[in-house]
Amino acid sequence: MELKIPEHIKGIIPYEPGKPIEELERDLGIKNSIKLASNENPIGPSSKALKTIERSLPNIHRYPDGSGFYLKDAIADYFNINPSDIIIGNGSNEIIELAVRTFLNPGDEVVFADQSFVVYQIVTQSANCKNVIVPLKDFTHDLNGMAKAVTEKTRMIFIANPNNPTGTAVGRNEVERFMKRLSNDVIVVFDEAYYEYVERKDFPDTVKYVRDGKNVIVLRTFSKIYGLAGLRIGYGFAGDEIVGFMNRVRQPFNTNSLAQIGAIAALKDSKHLKKSRDVNRKGKKYLYKEFEKLGIDYIPTEANFILARVENGREIYNRLLRKGVIVRAMDGYKLPDYIRVTIGLPEENKRFVEALSEVCK
604 MELKIPEHIK GIIPYEPGKP IEELERDLGI KNSIKLASNE NPIGPSSKAL
654 KTIERSLPNI HRYPDGSGFY LKDAIADYFN INPSDIIIGN GSNEIIELAV
704 RTFLNPGDEV VFADQSFVVY QIVTQSANCK NVIVPLKDFT HDLNGMAKAV
754 TEKTRMIFIA NPNNPTGTAV GRNEVERFMK RLSNDVIVVF DEAYYEYVER
804 KDFPDTVKYV RDGKNVIVLR TFSKIYGLAG LRIGYGFAGD EIVGFMNRVR
854 QPFNTNSLAQ IGAIAALKDS KHLKKSRDVN RKGKKYLYKE FEKLGIDYIP
904 TEANFILARV ENGREIYNRL LRKGVIVRAM DGYKLPDYIR VTIGLPEENK
954 RFVEALSEVC K
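In our numbering, the protein residues as written are 604 to 964.
Simulated from the structure, these hints should not be mistaken for lab results. Just so you know, nobody snuck in bad clues.
Heads up, simulated DSS-like pairs for lysine-lysine below, C-alpha to C-alpha not over 25 Å straight-line:
id, residue 1, residue 2
1, Lys751, Lys783
2, Lys804, Lys885
3, Lys871, Lys651
Produce the entire structure from the sequences given, and follow the hints as far as they go.
Structure representation (C-alpha coordinates):
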(Lines of atoms letter the chains of each structure in order from A and count residues from 1; the text may use other names and numbers.)
(Lines give C-alpha, C1' and ligand atoms only; values in the text may rest on other atoms or scores of the structure.)
Protein backbone atom coordinates (compact mmCIF):
# COMPACT_ATOMS: atom_id res chain seq x y z
CA MET A 1 0.00 0.00 0.00
CA GLU A 2 1.33 3.42 -0.96
CA LEU A 3 1.68 5.84 1.93
CA LYS A 4 -0.42 8.97 1.54
CA ILE A 5 1.72 11.69 3.07
CA PRO A 6 0.24 15.21 3.38
CA GLU A 7 1.98 17.66 1.07
CA HIS A 8 2.91 20.02 3.91
CA ILE A 9 4.74 17.14 5.63
CA LYS A 10 6.55 16.11 2.45
CA GLY A 11 7.98 19.60 2.17
CA ILE A 12 9.61 19.65 5.61
CA ILE A 13 13.41 19.79 5.52
CA PRO A 14 14.72 17.69 8.46
CA TYR A 15 16.78 19.37 11.16
CA GLU A 16 20.51 18.76 10.76
CA PRO A 17 22.24 18.58 14.17
CA GLY A 18 25.94 19.08 14.76
CA LYS A 19 27.95 15.98 13.89
CA PRO A 20 28.71 13.86 16.99
CA ILE A 21 32.37 13.31 17.85
CA GLU A 22 31.88 9.53 17.82
CA GLU A 23 30.50 9.61 14.28
CA LEU A 24 33.34 11.76 12.97
CA GLU A 25 36.04 9.57 14.53
CA ARG A 26 34.34 6.41 13.29
CA ASP A 27 33.94 7.73 9.74
CA LEU A 28 37.40 9.25 9.34
CA GLY A 29 39.40 6.99 11.64
CA ILE A 30 40.76 9.87 13.71
CA LYS A 31 40.98 10.51 17.46
CA ASN A 32 40.96 13.40 19.93
CA SER A 33 38.40 15.43 17.98
CA ILE A 34 36.74 18.53 19.40
CA LYS A 35 33.15 19.61 18.88
CA LEU A 36 32.38 23.31 18.54
CA ALA A 37 29.15 22.83 16.62
CA SER A 38 26.13 22.71 18.92
CA ASN A 39 26.56 25.67 21.28
CA GLU A 40 27.08 23.46 24.31
CA ASN A 41 28.76 24.64 27.51
CA PRO A 42 32.44 23.62 27.17
CA ILE A 43 33.00 23.36 30.93
CA GLY A 44 30.14 20.89 31.26
CA PRO A 45 27.39 20.82 33.89
CA SER A 46 27.44 22.01 37.47
CA SER A 47 29.18 19.59 39.83
CA LYS A 48 26.29 20.17 42.23
CA ALA A 49 23.85 19.04 39.54
CA LEU A 50 25.93 15.92 38.87
CA LYS A 51 26.04 14.98 42.56
CA THR A 52 22.30 15.51 42.94
CA ILE A 53 21.61 13.37 39.88
CA GLU A 54 23.94 10.62 41.11
CA ARG A 55 22.19 10.49 44.49
CA SER A 56 18.84 10.13 42.73
CA LEU A 57 19.77 7.28 40.39
CA PRO A 58 18.32 4.52 42.64
CA ASN A 59 14.87 6.09 42.22
CA ILE A 60 14.63 6.03 38.43
CA HIS A 61 12.15 3.16 38.55
CA ARG A 62 9.62 5.76 39.72
CA TYR A 63 7.73 8.06 37.36
CA PRO A 64 8.80 11.70 37.58
CA ASP A 65 6.74 14.51 39.04
CA GLY A 66 4.34 15.13 36.15
CA SER A 67 3.78 18.78 37.05
CA GLY A 68 7.43 19.64 37.71
CA PHE A 69 6.26 21.23 40.96
CA TYR A 70 9.64 21.66 42.67
CA LEU A 71 11.43 22.83 39.53
CA LYS A 72 8.71 25.39 38.81
CA ASP A 73 8.94 26.52 42.42
CA ALA A 74 12.72 26.99 42.11
CA ILE A 75 12.37 28.91 38.83
CA ALA A 76 9.58 31.05 40.29
CA ASP A 77 11.73 31.95 43.29
CA TYR A 78 14.77 32.72 41.10
CA PHE A 79 12.87 35.01 38.71
CA ASN A 80 10.24 36.35 41.12
CA ILE A 81 7.29 35.07 39.12
CA ASN A 82 4.21 33.00 39.95
CA PRO A 83 4.69 29.23 39.49
CA SER A 84 1.38 29.13 37.61
CA ASP A 85 3.05 31.27 34.92
CA ILE A 86 5.70 28.61 34.23
CA ILE A 87 5.64 25.59 31.92
CA ILE A 88 8.32 22.89 31.87
CA GLY A 89 9.32 21.18 28.63
CA ASN A 90 11.53 18.46 27.21
CA GLY A 91 13.90 21.21 26.11
CA SER A 92 12.44 24.57 25.08
CA ASN A 93 11.89 22.93 21.67
CA GLU A 94 8.96 21.02 23.12
CA ILE A 95 7.38 24.25 24.35
CA ILE A 96 7.64 25.67 20.82
CA GLU A 97 5.73 22.64 19.58
CA LEU A 98 3.22 22.85 22.43
CA ALA A 99 2.50 26.51 21.63
CA VAL A 100 1.89 25.73 17.96
CA ARG A 101 -0.28 22.68 18.65
CA THR A 102 -2.30 24.51 21.30
CA PHE A 103 -3.02 27.84 19.65
CA LEU A 104 -2.75 27.49 15.86
CA ASN A 105 -5.10 26.12 13.23
CA PRO A 106 -4.14 25.02 9.71
CA GLY A 107 -3.79 28.10 7.52
CA ASP A 108 -2.98 30.49 10.37
CA GLU A 109 -0.08 32.81 9.62
CA VAL A 110 3.12 32.68 11.66
CA VAL A 111 5.80 35.36 11.33
CA PHE A 112 9.48 34.70 11.99
CA ALA A 113 12.84 35.78 10.65
CA ASP A 114 14.75 34.20 7.83
CA GLN A 115 18.05 32.72 9.04
CA SER A 116 16.71 32.12 12.50
CA PHE A 117 16.16 28.93 14.50
CA VAL A 118 15.02 26.30 11.98
CA VAL A 119 12.69 24.54 14.42
CA TYR A 120 10.11 27.32 14.03
CA GLN A 121 9.62 26.42 10.39
CA ILE A 122 9.63 22.67 11.02
CA VAL A 123 6.98 22.86 13.74
CA THR A 124 4.69 25.38 12.04
CA GLN A 125 4.90 23.61 8.69
CA SER A 126 4.02 20.31 10.35
CA ALA A 127 0.87 22.04 11.65
CA ASN A 128 0.04 23.20 8.10
CA CYS A 129 0.36 26.87 9.00
CA LYS A 130 1.37 29.59 6.56
CA ASN A 131 4.90 30.77 7.31
CA VAL A 132 5.60 34.45 6.71
CA ILE A 133 9.38 34.77 6.66
CA VAL A 134 10.97 38.21 7.05
CA PRO A 135 14.61 38.81 6.00
CA LEU A 136 17.14 39.83 8.62
CA LYS A 137 18.54 43.34 8.51
CA ASP A 138 22.29 43.50 9.14
CA PHE A 139 22.09 39.93 10.48
CA THR A 140 19.54 41.08 13.10
CA HIS A 141 15.78 40.70 13.45
CA ASP A 142 14.02 43.46 11.51
CA LEU A 143 11.22 44.10 13.98
CA ASN A 144 9.80 46.90 11.85
CA GLY A 145 9.63 44.55 8.87
CA MET A 146 8.08 41.84 11.03
CA ALA A 147 5.42 44.23 12.33
CA LYS A 148 4.56 45.20 8.76
CA ALA A 149 4.19 41.50 7.87
CA VAL A 150 1.41 41.02 10.43
CA THR A 151 -2.11 40.65 9.00
CA GLU A 152 -5.51 39.77 10.43
CA LYS A 153 -4.55 36.12 9.85
CA THR A 154 -1.37 36.32 11.96
CA ARG A 155 -1.65 34.31 15.16
CA MET A 156 1.96 33.87 16.33
CA ILE A 157 5.37 35.54 16.00
CA PHE A 158 8.72 33.98 16.91
CA ILE A 159 11.67 36.18 17.90
CA ALA A 160 14.97 34.49 18.77
CA ASN A 161 16.83 36.92 20.99
CA PRO A 162 19.79 36.45 20.79
CA ASN A 163 19.31 35.01 17.34
CA ASN A 164 20.67 31.64 16.30
CA PRO A 165 22.77 31.39 14.08
CA THR A 166 23.85 35.05 13.90
CA GLY A 167 24.30 35.77 17.62
CA THR A 168 22.75 39.23 17.30
CA ALA A 169 20.17 40.68 19.67
CA VAL A 170 17.52 43.38 19.56
CA GLY A 171 17.34 45.96 22.31
CA ARG A 172 14.73 47.13 24.76
CA ASN A 173 13.47 50.15 22.82
CA GLU A 174 13.09 48.18 19.59
CA VAL A 175 11.07 45.49 21.33
CA GLU A 176 8.92 48.07 23.13
CA ARG A 177 8.06 49.83 19.85
CA PHE A 178 7.33 46.47 18.23
CA MET A 179 5.00 45.30 20.99
CA LYS A 180 2.99 48.55 20.87
CA ARG A 181 2.18 47.89 17.20
CA LEU A 182 0.60 44.48 17.83
CA SER A 183 -2.95 43.59 18.74
CA ASN A 184 -3.35 41.32 21.75
CA ASP A 185 -4.76 38.43 19.69
CA VAL A 186 -1.24 37.69 18.39
CA ILE A 187 0.98 35.52 20.60
CA VAL A 188 4.62 36.65 20.62
CA VAL A 189 7.17 33.96 21.48
CA PHE A 190 10.54 35.31 22.65
CA ASP A 191 13.07 32.50 22.38
CA GLU A 192 15.84 33.40 24.83
CA ALA A 193 17.89 30.20 24.89
CA TYR A 194 21.12 32.24 25.16
CA TYR A 195 19.76 34.79 27.64
CA GLU A 196 22.43 34.16 30.29
CA TYR A 197 25.27 35.00 27.88
CA VAL A 198 23.97 38.45 26.91
CA GLU A 199 26.22 41.39 27.80
CA ARG A 200 24.47 44.36 26.20
CA LYS A 201 22.92 46.60 28.84
CA ASP A 202 19.68 47.35 26.96
CA PHE A 203 18.54 43.75 26.57
CA PRO A 204 14.75 43.70 27.02
CA ASP A 205 13.02 42.33 30.10
CA THR A 206 10.40 40.35 28.22
CA VAL A 207 9.11 38.65 31.36
CA LYS A 208 7.48 41.97 32.26
CA TYR A 209 5.05 41.42 29.38
CA VAL A 210 3.99 38.18 31.05
CA ARG A 211 3.49 39.99 34.36
CA ASP A 212 1.50 42.68 32.52
CA GLY A 213 -0.89 40.10 31.09
CA LYS A 214 0.26 40.27 27.47
CA ASN A 215 -0.05 37.28 25.15
CA VAL A 216 3.65 36.52 25.35
CA ILE A 217 5.62 33.32 25.86
CA VAL A 218 9.27 33.61 26.95
CA LEU A 219 11.42 30.53 26.40
CA ARG A 220 14.55 29.62 28.36
CA THR A 221 16.59 26.44 28.58
CA PHE A 222 18.99 24.46 30.73
CA SER A 223 20.75 23.13 27.61
CA LYS A 224 23.15 26.02 27.07
CA ILE A 225 24.89 27.81 29.92
CA TYR A 226 23.67 25.27 32.50
CA GLY A 227 25.23 22.39 30.55
CA LEU A 228 22.29 19.98 30.70
CA ALA A 229 21.70 19.54 26.95
CA GLY A 230 21.71 15.74 27.23
CA LEU A 231 18.89 15.76 29.78
CA ARG A 232 16.50 17.83 27.60
CA ILE A 233 14.98 20.31 30.02
CA GLY A 234 13.65 23.80 29.30
CA TYR A 235 10.99 26.15 30.59
CA GLY A 236 8.76 28.99 29.54
CA PHE A 237 7.03 31.97 31.12
CA ALA A 238 3.48 32.86 30.08
CA GLY A 239 0.21 33.93 31.64
CA ASP A 240 -1.57 31.22 33.60
CA GLU A 241 -4.32 30.93 30.96
CA ILE A 242 -1.76 30.28 28.20
CA VAL A 243 0.11 27.82 30.42
CA GLY A 244 -3.13 26.10 31.36
CA PHE A 245 -4.10 25.39 27.76
CA MET A 246 -0.60 24.20 26.85
CA ASN A 247 -0.69 21.82 29.80
CA ARG A 248 -3.83 20.26 28.31
CA VAL A 249 -1.81 19.37 25.21
CA ARG A 250 1.43 18.49 27.01
CA GLN A 251 2.16 14.79 27.38
CA PRO A 252 2.19 13.44 30.96
CA PHE A 253 5.66 12.92 32.44
CA ASN A 254 7.23 14.92 29.59
CA THR A 255 10.38 15.71 31.60
CA ASN A 256 12.32 13.03 33.44
CA SER A 257 13.14 13.04 37.14
CA LEU A 258 16.92 13.39 36.69
CA ALA A 259 16.43 16.40 34.43
CA GLN A 260 14.16 18.08 36.96
CA ILE A 261 16.41 17.64 39.98
CA GLY A 262 19.54 18.42 37.96
CA ALA A 263 17.97 21.66 36.76
CA ILE A 264 17.07 22.70 40.31
CA ALA A 265 20.65 22.15 41.47
CA ALA A 266 22.09 23.90 38.41
CA LEU A 267 19.89 26.93 38.95
CA LYS A 268 21.27 27.30 42.48
CA ASP A 269 24.94 27.00 41.47
CA SER A 270 25.90 30.65 40.97
CA LYS A 271 29.64 29.84 40.84
CA HIS A 272 29.17 27.55 37.84
CA LEU A 273 27.09 30.22 36.11
CA LYS A 274 29.76 32.88 36.68
CA LYS A 275 32.56 30.59 35.51
CA SER A 276 30.62 29.71 32.37
CA ARG A 277 30.12 33.40 31.57
CA ASP A 278 33.77 34.19 32.21
CA VAL A 279 35.01 31.36 29.97
CA ASN A 280 32.67 32.52 27.23
CA ARG A 281 33.65 36.17 27.53
CA LYS A 282 37.38 35.45 27.38
CA GLY A 283 36.95 32.96 24.54
CA LYS A 284 34.90 35.46 22.57
CA LYS A 285 37.59 38.13 22.85
CA TYR A 286 40.28 35.64 21.85
CA LEU A 287 38.39 34.47 18.76
CA TYR A 288 37.59 38.05 17.72
CA LYS A 289 41.29 38.87 17.87
CA GLU A 290 42.32 35.76 15.95
CA PHE A 291 39.68 36.27 13.25
CA GLU A 292 40.99 39.79 12.76
CA LYS A 293 44.56 38.49 12.43
CA LEU A 294 43.37 36.05 9.76
CA GLY A 295 41.40 38.74 7.94
CA ILE A 296 38.12 36.89 8.56
CA ASP A 297 34.95 38.92 9.04
CA TYR A 298 32.66 37.90 11.91
CA ILE A 299 29.38 39.00 13.46
CA PRO A 300 29.76 40.30 17.05
CA THR A 301 27.78 37.96 19.27
CA GLU A 302 25.60 38.10 22.37
CA ALA A 303 25.64 34.31 22.67
CA ASN A 304 28.18 31.49 23.01
CA PHE A 305 28.92 31.11 19.31
CA ILE A 306 30.27 33.26 16.49
CA LEU A 307 29.22 33.45 12.84
CA ALA A 308 32.34 33.90 10.69
CA ARG A 309 32.64 34.55 6.97
CA VAL A 310 34.89 32.24 4.98
CA GLU A 311 35.04 31.37 1.30
CA ASN A 312 32.83 28.32 0.71
CA GLY A 313 31.67 27.47 4.21
CA ARG A 314 30.79 23.85 3.41
CA GLU A 315 34.28 23.18 2.04
CA ILE A 316 35.95 24.81 5.06
CA TYR A 317 33.66 22.77 7.32
CA ASN A 318 34.73 19.54 5.59
CA ARG A 319 38.42 20.46 5.77
CA LEU A 320 38.09 21.19 9.48
CA LEU A 321 36.41 17.81 9.99
CA ARG A 322 39.47 16.09 8.56
CA LYS A 323 41.52 17.90 11.20
CA GLY A 324 39.19 16.69 13.96
CA VAL A 325 37.41 20.01 14.48
CA ILE A 326 33.61 20.05 14.22
CA VAL A 327 31.86 23.36 13.53
CA ARG A 328 28.62 24.09 11.65
CA ALA A 329 28.33 24.85 7.95
CA MET A 330 25.70 27.51 7.31
CA ASP A 331 24.53 26.71 3.78
CA GLY A 332 21.35 25.27 5.28
CA TYR A 333 20.61 28.77 6.55
CA LYS A 334 21.30 30.28 3.11
CA LEU A 335 24.66 31.56 4.37
CA PRO A 336 26.98 29.49 2.15
CA ASP A 337 30.06 31.60 2.88
CA TYR A 338 29.80 31.27 6.66
CA ILE A 339 30.57 28.83 9.43
CA ARG A 340 29.31 28.99 13.01
CA VAL A 341 31.70 28.07 15.79
CA THR A 342 30.83 27.51 19.43
CA ILE A 343 33.11 29.33 21.87
CA GLY A 344 35.02 26.56 23.63
CA LEU A 345 37.70 26.10 26.25
CA PRO A 346 40.94 28.04 25.66
CA GLU A 347 42.72 24.98 24.26
CA GLU A 348 39.76 24.19 21.99
CA ASN A 349 39.63 27.74 20.68
CA LYS A 350 43.37 27.65 20.00
CA ARG A 351 43.13 24.35 18.14
CA PHE A 352 40.23 25.66 16.06
CA VAL A 353 42.17 28.78 15.09
CA GLU A 354 45.25 26.76 14.15
CA ALA A 355 43.16 24.40 12.02
CA LEU A 356 41.24 27.27 10.43
CA SER A 357 44.43 29.11 9.49
CA GLU A 358 45.66 25.96 7.75
CA VAL A 359 42.48 25.13 5.82
CA CYS A 360 41.96 28.73 4.69
CA LYS A 361 45.38 28.96 3.00
